[in-house]
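Undergrad: The residues making up each chain are set out below.
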Amino acid sequence: MQFKKTTSPYLHNNTTLARVMRQVLMALVPGTLIYSYFFGWSIIINISIACLTALASEAIMLILRKRPLAPYLRDNSALLSAWLLALALPSIAPWWLIVIATLFAIVVAKHLYGGLGYNPFNPAMVGYVVVMISFPQYMTQWLIPHANLDFMQALQLTLTGELNPVITIDGITSATPIDSIKTGLSLNKNITEISASPLFGTLGGTAWEWIAGGFLIGGLWLIYIRVISWQIPTALLLSIAVFSGIFYLADPQHYIHPLFHLMSGGTILAAFFIATDPVSASTTPRGKIIYAVGIGIFTFIIRAWGGYPDGIAFAVLLMNMAVPTIDYYTQPRVFGAADK
Amino acid sequence: MTDSQHPLYKFPGGLHLPGHKAMSTTRPIGKIFIPSQLVLPLQQHIGEPSEAIVKKGDSVLKGQVIAKASGYVSVPLHAPTSGTIVDIIDHAVPHPSGLSASSIILKPDYQDQWIELPAPENYLQMDPSALRNRIREAGIIGLGGAGFPSFIKLNPGAHTAIDELIINAAECEPYISCDDMLMRERAREIIGGIQIMQHALQARRCLIGIEDNKPEACEALQQALSQLNIDTIEVVRIPTIYPTGGEKQLIKVLTGKESPSHGLPLDIGVVCHNVATAATIFQAIMHGKPLISRIVTLTGNGVQQAGNHEVLIGTPIDEWIEHHGGYHASVEQLVMGGPMMGFTLSTDQLPIIKTSNCILALSRDETNTQQAAMPCIRCGACMDVCPVNLLPQQLYWQAFAREFDKIQDYHLFDCIECGCCSYVCPSEIPLVQFYRFAKTEIWAQERDKVKSDQARQRHEFRLERLEKEKKEREERMLKKKAALKAGKGKKEKDSKKEAIEAALARVREKQKQSSSESKNTDNLSAEQQQKINEIENRRQRSQANKNNAQGDSGTE
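Protein sequences appear in the order of chains A and B.
If you're matching positions, the first sequence starts at 1 in my numbering and goes up one per residue.
If you're matching positions, the second sequence starts at 1001 in my numbering and goes up one per residue.
Isolated chain A (complex conformation):
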């Protein structure tokens, strides 16, 4: 009798790439729901626009690159990039801003670098940085919490950039808490004065601390099911806390407390979902820690002294560049090798 020849092992645990990506998407759900509870339909609309753009551009790029469509469209990776990008952009961003950012993420940052698995930079962060540099005026205006826009109003705002005359845009938008600290400090206000604004909540910004909590739950679940490892989130959060803590203790009127840094902006989202993108992150256990500490330091530097409201995207891209070197020099000790 004749039999089929293959190579060992002949067993597999039946995980698939699509399943791993789906689990990450599921982990984003609690944070996203809380986000839309505070900021309305806009965020759901943005995620939908980004996802549709991502799938369409992914399909076109796959056809142009002569790759099979079905397995790659089903792997959920484009959806994940698009979703993360939509969460990072302001919820009242116009539709074309979202489309441009997504196109840049999928076409340039992902496919022009070789597609899934080959991109040295985090696609969502590339897309974010491109629109941040190109259209800064749209990146600083955020909806205020509980603006109470209904679905049609939110859709209208995204598609046309206008609302019906009853509500003015200025009435429902403001800077983010992080941004307002920067502006306030430049106007020679101190932290106590700045944080008296209703934008600020107990820990971070109003609403933002709850959203961060939602992403924290999803992220912890990902660690629990071993989709991500503990090193990157832990090291990233710790390094931001330690560095902002040092400056806060030295000068609390010019530097806000560490908990604010952790619970506002995209810190939690970045720590559990963005910096942990395995393709562009460091892959060795020690390397992950160095990589995440680097992101934490750069984030704090840009927030405290840089020209942009939030530095996480730049920090992630900067550390992406260092990944090959970090990985080479942080190989674990091989079993049976002499101690170094």
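In short, the hints are calculated from the structure, not lab data.
For every residue, glycine included, the Cβ atom is placed at its ideal position computed from N, Cα and C.
Careful: at least some of the hints might be erroneous.
[As the list claims (entries may be wrong)] A short list of chain B residues far from chain A (calculated; beta carbon distances all over 10 Å):
# : residue
1 : 1119
2 : 1261
3 : 1366
4 : 1390
5 : 1452
6 : 1504
7 : 1536
[To be verified] List of simulated lysine-lysine pairs, DSSO-like, C-alpha gap at most 30 Å:
#  : chain 1 : residue 1 : chain 2 : residue 2
8  : B       : 1470      : B       : 1485
9  : B       : 1449      : B       : 1468
10 : B       : 1068      : B       : 1056
11 : A       : 4         : B       : 1439
12 : A       : 5         : B       : 1068
13 : B       : 1512      : B       : 1497
With chain A fixed as given, assemble chain B onto it according to the hints.
TA: Chain B alone, transformed into the frame defined by chain A:
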């Protein structure tokens, strides 16, 4: 003697795999059946193949040596039953390459008649080297899979002290249960074999490492130990984590010691043998019986009846499976060994050999229905399970890019090909296959390099020789010139001058001789002489006139 207090250690990574062992442990070990012919490859062990000492038509008895060891790393081969040698030909053998190798074909006579066996000996009074020799003469090799001649691993060398003898009873691969059944049924033989090994190695302490998914086997061994009242052997239950049965992994779990990355367990004072090898050694020393059969697991959903059987070495797999109920219609793949590290066979017309521990017939729904691999996303799931602490994702990257120098920076050759990385890869990349490819390529490059190095050495040697010859020639010339320049009429030159003069003298002498000897002018009469003289005088005169005339004309 009990397993309760022994400290255990951890190796990195590892997997919890579904066992699938119960399907083959429901019945006792099946009896030997004698097939219509036996195929006995001369190479069933690591090292030099044995050398056939029988020829076509010879009658042989059960247990008779039919091929002798050739070289040190080699063992003899014995007839598994009595019968006639039909042929010695190239026959397909179970090997990943699927190639054929020289094999003795034996047709049984069904008398199953033993040759006269050597008398049992009291091993305690035997010199360890004599003991090793008996073990070698019995054709015993490691039955765990690699097939290294056991007598070599029982030789600690003159200066190495053995702290521990470790018996590998982990049997960590799914499906396989031959060691489990052996321990349940022949625990006393195993313990006896271990005592013999301890004597050969002069090892005081022995640890038997057994995964905790084999409680019956563990119980049997412990019972045998307490009945025999032995306290130098300890049965240790270890957690069921694949690949804890890897030699270096097991040693780590039991002793906390790590064998050096490119060394042997012997380097840290440990020797590791398989549990089935111990039982075989017992048979060889206590009953004089050579290794002619072994226990093999037949399992998987691809066969009608899973179980363990004692099988004569050389039994054709097809006939054996047929004898035990045949295949299930859904059979898809035939694996020799386990599902993690075994290799697939393209045909079942192959013999069971000394290292065959399991024949796994996988049905369609059991085999990994592999999709086309997706790209690596560096998720590191492979790294988390690697028992050697490698970075499989980086190794894959380098192998894929054919960076054969860089891949060695990532310690490719420490990979034990256990398959954990491939098992967990969400992109279903056949990682182990990439590492095997890279290893083979590097070996091929190294062979080529050795060849080209030899060629270059030869070429360089030739150039050197030519250069040397040229130099010598030049030196000679230079000396000659220097001598010429420095010593005009000096000693060396004198000697040459003398030589030349001597030569000239010889010539003159010869000429003289020849003129004196010259023919018709000798012994002339006075008359003739006178005539000659007159002629000479005339000639001289005319010559003189001529000269004068010339001189006159010249002076004008």
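Undergrad: Hint by hint, note whether the structure agrees.
TA: Against the structure, the hints come out as follows:
| no. | hint | in the structure |
| --- | --- | --- |
| 1 | 1119 | 44 Å, holds |
| 2 | 1261 | 4 Å, violated |
| 3 | 1366 | 8 Å, violated |
| 4 | 1390 | 6 Å, violated |
| 5 | 1452 | 30 Å, holds |
| 6 | 1504 | 83 Å, holds |
| 7 | 1536 | 109 Å, holds |
| 8 | B:1470 <-> B:1485 | 22 Å, holds |
| 9 | B:1449 <-> B:1468 | 27 Å, holds |
| 10 | B:1068 <-> B:1056 | 16 Å, holds |
| 11 | A:4 <-> B:1439 | 24 Å, holds |
| 12 | A:5 <-> B:1068 | 34 Å, violated |
| 13 | B:1512 <-> B:1497 | 22 Å, holds |
The structure fails hints 2, 3, 4 and 12 (numbered hints given earlier, in ascending order).
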